[in-house]
Amino acid sequence: MSAAKIPLLRVEHLTMRFGGLVAVNDVSFDAWPGEITAIIGPNGAGKTTVFNCIAGFYRPSVGRLTLTNGEQQFLLERMYGNDIAGKARVARTFQNIRLFPKMTVLENLIVAQHNKLMRASGYTLLGLFGWKGYRKAEAEAVDRARYWLDRTNLLSVADEQAGSLPYGGQRRLEIARAMCTEPVLLCLDEPAAGLNPRESAELNGLLRFIRDHHNCGVLLIEHDMSVVMQISDHIIVLDYGKKIADGSPEEIRNDPAVIRAYLGEPETSEAGAA
Amino acid sequence: MTFAQRLRDAGLAALVAAVLALPLLGFETIDTGGPLGIRARFHWIAYAAVSVFIGRLALLAFFDWWRLRQGRPEPLQSNAPARKDILTRIGSQADKYLMPALIAFAIALPMMPFADRTVVDLATVVLIYVMLGWGLNIVVGLAGLLDLGYVAFYAVGAYTYALLSLNFGFGFWEALPLAGLFAATFGIILGFPVLRLRGDYLAIVTLGFGEIIRVVLLNWTDVTRGSNGITGIQRPSFFGFPFTSSPEDGQTAFHELFGLEYSSIHRIIFLYYVILVLALITNLFTMRIRKLPIGRAWEALREDEIACKALGINPTNTKLTAFAIGAMFGGFAGSFFATRQGFISPESFSFIESAVILAIVVLGGMGSQAGIVLAAAFLTLLPELAREFSLFRMLAFGAAMVLIMIWRPQGLLAHREPTLRLSTQPSSSGGGKP
Numbered sequence: 008m009s010a011a012k013i014p015l016l017r018v019e020h021l022t023m024r025f026g027g028l029v030a031v032n033d034v035s036f037d038a039w040p041g042e043i044t045a046i047i048g049p050n051g052a053g054k055t056t057v058f059n060c061i062a063g064f065y066r067p068s069v070g071r072l073t074l075t076n077g078e079q080q081f082l083l084e085r086m087y088g089n090d091i092a093g094k095a096r097v098a099r100t101f102q103n104i105r106l107f108p109k110m111t112v113l114e115n116l117i118v119a120q121h122n123k124l125m126r127a128s129g130y131t132l133l134g135l136f137g138w139k140g141y142r143k144a145e146a147e148a149v150d151r152a153r154y155w156l157d158r159t160n161l162l163s164v165a166d167e168q169a170g171s172l173p174y175g176g177q178r179r180l181e182i183a184r185a186m187c188t189e190p191v192l193l194c195l196d197e198p199a200a201g202l203n204p205r206e207s208a209e210l211n212g213l214l215r216f217i218r219d220h221h222n223c224g225v226l227l228i229e230h231d232m233s234v235v236m237q238i239s240d241h242i243i244v245l246d247y248g249k250k251i252a253d254g255s256p257e258e259i260r261n262d263p264a265v266i267r268a269y270l271g272e273p274e275t276s277e278a279g280a281a
Numbered sequence: 003m004t005f006a007q008r009l010r011d012a013g014l015a016a017l018v019a020a021v022l023a024l025p026l027l028g029f030e031t032i033d034t035g036g037p038l039g040i041r042a043r044f045h046w047i048a049y050a051a052v053s054v055f056i057g058r059l060a061l062l063a064f065f066d067w068w069r070l071r072q073g074r075p076e077p078l079q080s081n082a083p084a085r086k087d088i089l090t091r092i093g094s095q096a097d098k099y100l101m102p103a104l105i106a107f108a109i110a111l112p113m114m115p116f117a118d119r120t121v122v123d124l125a126t127v128v129l130i131y132v133m134l135g136w137g138l139n140i141v142v143g144l145a146g147l148l149d150l151g152y153v154a155f156y157a158v159g160a161y162t163y164a165l166l167s168l169n170f171g172f173g174f175w176e177a178l179p180l181a182g183l184f185a186a187t188f189g190i191i192l193g194f195p196v197l198r199l200r201g202d203y204l205a206i207v208t209l210g211f212g213e214i215i216r217v218v219l220l221n222w223t224d225v226t227r228g229s230n231g232i233t234g235i236q237r238p239s240f241f242g243f244p245f246t247s248s249p250e251d252g253q254t255a256f257h258e259l260f261g262l263e264y265s266s267i268h269r270i271i272f273l274y275y276v277i278l279v280l281a282l283i284t285n286l287f288t289m290r291i292r293k294l295p296i297g298r299a300w301e302a303l304r305e306d307e308i309a310c311k312a313l314g315i316n317p318t319n320t321k322l323t324a325f326a327i328g329a330m331f332g333g334f335a336g337s338f339f340a341t342r343q344g345f346i347s348p349e350s351f352s353f354i355e356s357a358v359i360l361a362i363v364v365l366g367g368m369g370s371q372a373g374i375v376l377a378a379a380f381l382t383l384l385p386e387l388a389r390e391f392s393l394f395r396m397l398a399f400g401a402a403m404v405l406i407m408i409w410r411p412q413g414l415l416a417h418r419e420p421t422l423r424l425s426t427q428p429s430s431s432g433g434g435k436p
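Quick mapping for you: the protein sequence lines, in order, are chains A and B. Take 8 as the starting number for the first sequence in the working numbering and just add one per residue. Take 3 as the starting number for the second sequence in the working numbering and just add one per residue.
This is chain B alone, in the form it adopts within the complex (with noise of 0.2 Å):
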């Protein structure tokens, strides 16, 4: 830049700081002993535009002379893949390394010496996130089917067993096969309409389907009692064996059962393990599926339609199975916060939480399951650790998702591994014509 371009820069920026320092500074209110009169005091508008002038001018002198010492022209284009960082090769290694350990620390966590009550509570709502984020993987990241609904999966789970328990006596063991069961049917319900949509149009309506079921659990008050929400929901027991101090005639409680000291910390440890099962479970089989002809069409639909359409895959039924596979997670994992929280009503499933999970999946690399598991726990536990600053919390976690987006638009750990290589692939036995 020559020196009159950098005059003229921070010519520009003084203006605009000028514009904005008019109605933020350029006035005070005063004490005039009835009413509040109003001061005019434009020389703070003279001090913000010079020192934004000033500011400006050292910044971009300052830029200059780093390029300088880099010994590098201008940026250019950069050749993105060329140059590798620290988290691309930690993403690459993550199915061998990161995973495992991560597994391991989330194994051993409520055994550790801080982890008390509110430790491992966080522990689970951060491993709530993360099946879910898991769950919404198969259909964005796999399939590459944008949906800004996914909570309403999640909400039907919920419901599921929270009617079920409510009216029906189900416990939370019988009506979990149940939930997911019917939050995949309406996944496929969701599935059939949306099938011919892609991008930006199957957003749309996959957001007003989030919607729907909102209102719908809001309105439909003799089956849902609307706003008051679902009391009472029947907490999880060890396998019929209850977290009480005091159990009913002839049930044994769980620390009886094991000869322990009553303590209500029991049952979250039991609930952190039961959703970091459910989490596994669904890692597991993205694992495995992601290998399977089904998960490979998923991936190739998500990168050319009409290819896969010219190999004889039925785009429709395999759309249909990624959008009911995802919604059956969704409501496992709607069903266990149904269960840990007792209560549920329908501001649990707001956009916002769509908006999150999606946020979750997209922050962590498309499609990388370690990722989203370091996303879960930064978008969770950010605002958890924000507190402090009441205020700013929303403004502060706004700020890092945008300064993470620049900084790796690609998300952290984006990393594709192949399903299978042929150089581990046994040799071919015969070789000839096949």
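If we strip away everything but chain A, and leave its shape as in the complex, we get (with noise of 0.2 Å):
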């Protein structure tokens, strides 16, 4: 496939400043399509400064950020944050769950469906008179919501608000109201935090299930080794800002610098695993 030469995600020379402190200090990375991409580093690295700048959320101080889709290319740097969303189709979750918590959870998927229903209802001209695409786009959009909702084990909760559901029902909601997006590329930031040991076990599952099946790539930010070696394939590690290792999460275990950064100590044997 010729798809698996380009990287989907290219970063080139980004470097994030506040003022005078460089939050993200000339990082470079490539990730790929159909693999999980993770990006580890001790609190404070930058790491949800390099995803607020893929998701358009801040613009970089320099830098390139290239989303390659198919034939499409475009320059997410010069992009404002709902069209990164809407065009470049880069979805993303949040360190801290941001729901619609008094919309019930079959709202918000269908919410994250907007702009496909606002096209289908004539930017509401034609659904105000109940016109019948209109219908049917929206129940091509429930069904959608449905699928995720099953994939996700929200299905009995789906009417419930949002903002009642368990911590771990409201990440999983979060993710599924991502991938309604129809995303090429999901950033998770900490999709795993607060989750205890079997429902991180879980999301593993529907990240690889989402890997897999939906020809989409996966970004993650993560303090959770358990998940981040078992279901990455490819790993980047941050350190004040900038990257100090790059590769598969062997090569990464066993990297002095990583294991420096993460215990100051370069002997012990344990390191990889913490």
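In short, the hints are calculated from the structure, not lab data. We treat Cβ as the ideally placed atom computed from N, Cα and C, and that holds for glycine. Among these hints, one or two may not hold up.
Claimed, not checked - Derived pair list, reagent style DMTMM-like, types lysine to aspartate or glutamate, alpha-carbon separation capped at 25 Å: (1) A:K123 with A:D90; (2) B:K293 with A:E147; (3) B:K293 with A:D157.
What the hints assert, rightly or not - Covered stretches of chain B (in silico footprint by chain A; criterion: 3 or more residues with CB under 8 Å from a CB of chain A, positions within the stretch not fixed): (4) 293-303; (5) 418-426.
With the hints as a guide, bring the two chains together.
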């Protein structure tokens, strides 16, 4: 496949400064389609800043972010946040969950398909008069939502308020909502934070399923090494805003620079597992 | 509460009472023949302090006894959603039963035996506020944009019709869509600079916008005739048949058309039905648009703007449509107001109107259509009914609002009906990968 030759997302010389503080310093990496790429690093290493640059919440000080989707190429550093999600099809979740708490679980997933439905409703005008094409589009949107609810074990609570779900459910709903936008790149900011071991194992299954069956690249920030080491195809390690390592989980596990960054002491043998 | 605590509490209350009583009760004026003299009567302060002390002690004792009787510990952080009171239950059934009942009542009202001129007139005023409340509800209740200058759009609608009628001889029905369009344009003009703002900041800017419109109307005398207002605005006709006792040549009056005896109440009843239809259109529109992507995007924007952006929703356009559509209904209501009054002046569009409309939305329970009807009726009828105590009218009004907000901080009928439910959707056909 020719697609495998071109990275889905190419990050080149990404630098983000906030006043005098350099949060991300000259970071370059590639994320490939159909792979799970993890970004790890100690607290304050600049992982979330990288995410915010990719998703358009920050405009990078320096650097180029190229997203390639088949024939189309997008330079993300020049786009607005909502266009990155809507046109370049980059979906993201948040470290502190951001659902629409007073809307139902199903409504959260329907809102995620806003742009598609907006076109189908003739930018509201046709929809207002109950146009058939809109009703069909809405039924399709519900079907897609049902599919992801089924995948994330949320079918039974579809009509509950999203804010009333338990924590793990809210995490899964956020992923389902991101997937309802039919992304080519899914960015997950600490999806396993606050999950118990059983829930994190389920999350691993879900992420593998997304990678294998939806032709979607996954970019992941995570602290939970049981998630990172098991499912990542490719790991990037940041420390103090700089990339210190880049490679397969096996390589990262034994990389002295990584061990030093995490533990400060190079000689401990269990360091890789921490 | 222990007895010592109660004593201390009562003592404090007595002290406050004494301080307050000093200027209020401590002196009396006496007639000394010439100028008024002042005589101190400090024993009155003592009476006040002692009676407050005893009363407070008794009240505290009663509270403790009451709690004991209820078998409840002292109130902790109560879990509000757990207990469902009657209004919450009514709110959840509002769409099904309450709204149809209210609409049926509104349609039948002019035919009821007690419905004289005053009652129908009053009901018309209530309906104007219901319509304004429903219009503002799109902006505040659905999109979550706190708008303190809504009356500006009402004014734009009213003046659009008044000026079109005065200068170009437009009738009500021709001017109505133009008034709505014009108000919507103003909504967009206001919307653009304030898009980045949220919450309090947005409220301040919209407040300023409302004042700007009023001040312009007041000072642009060449066009708006300033504080004199515009008189002789064309009254509405029954689709071309005027409500007059003696129509001009070649015209047929409404009563002749139907072979009725001329009566001035015909026009009042007609106006009532016009505003009823306009208000119901607003309601129908809101109910429908809530279930469309734009309506869901408004609600999502209210809940979390950043998440909206991450889902590819354009917050700018979404906010602008909310502003424009809310303003449009304000404009419709405004031109109705102008045709009903026959006279408008900037005085009718002061800040207090915006405040009352916002109070209707908040009191009704943000986003609840039926709640807004109740709140509008309450807020317009209460000052009317309390006219006898004209001196204390505003006091009673304020006190009633404070009490309602203590009793139901979420609004009278706060209930959000989901826009769609999975259980009522037809089951998926293929069920495979989308």
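> Does B:K293 pair with A:E147 here, judged by a C-alpha cut-off of 25 Å?
Replying inline: Distance of about 15 Å is within 25 Å: holds.
> For the region 418-426 of chain B, do at least 3 residues have a Cβ located nearer than 8 Å to some Cβ of chain A?
Replying inline: holds (count 7)
> Taking 25 Å as the top limit, are the C-alpha atoms of A:K123 and A:D90 close enough?
Replying inline: Holds: A:K123 and A:D90 sit about 13 Å apart, inside 25 Å.
>> Given the hinted pair B:K293 and A:D157, is their Cα-Cα distance within 25 Å?
In response: Satisfied, since the Cα-Cα distance of roughly 23 Å is no more than 25 Å.
> Taking a Cβ-to-Cβ distance below 8 Å as contact, does the region 293-303 of chain B have at least three residues touching chain A?
Replying inline: holds (count 7)
The earlier numbered hints are all upheld by this structure, with none contradicted.
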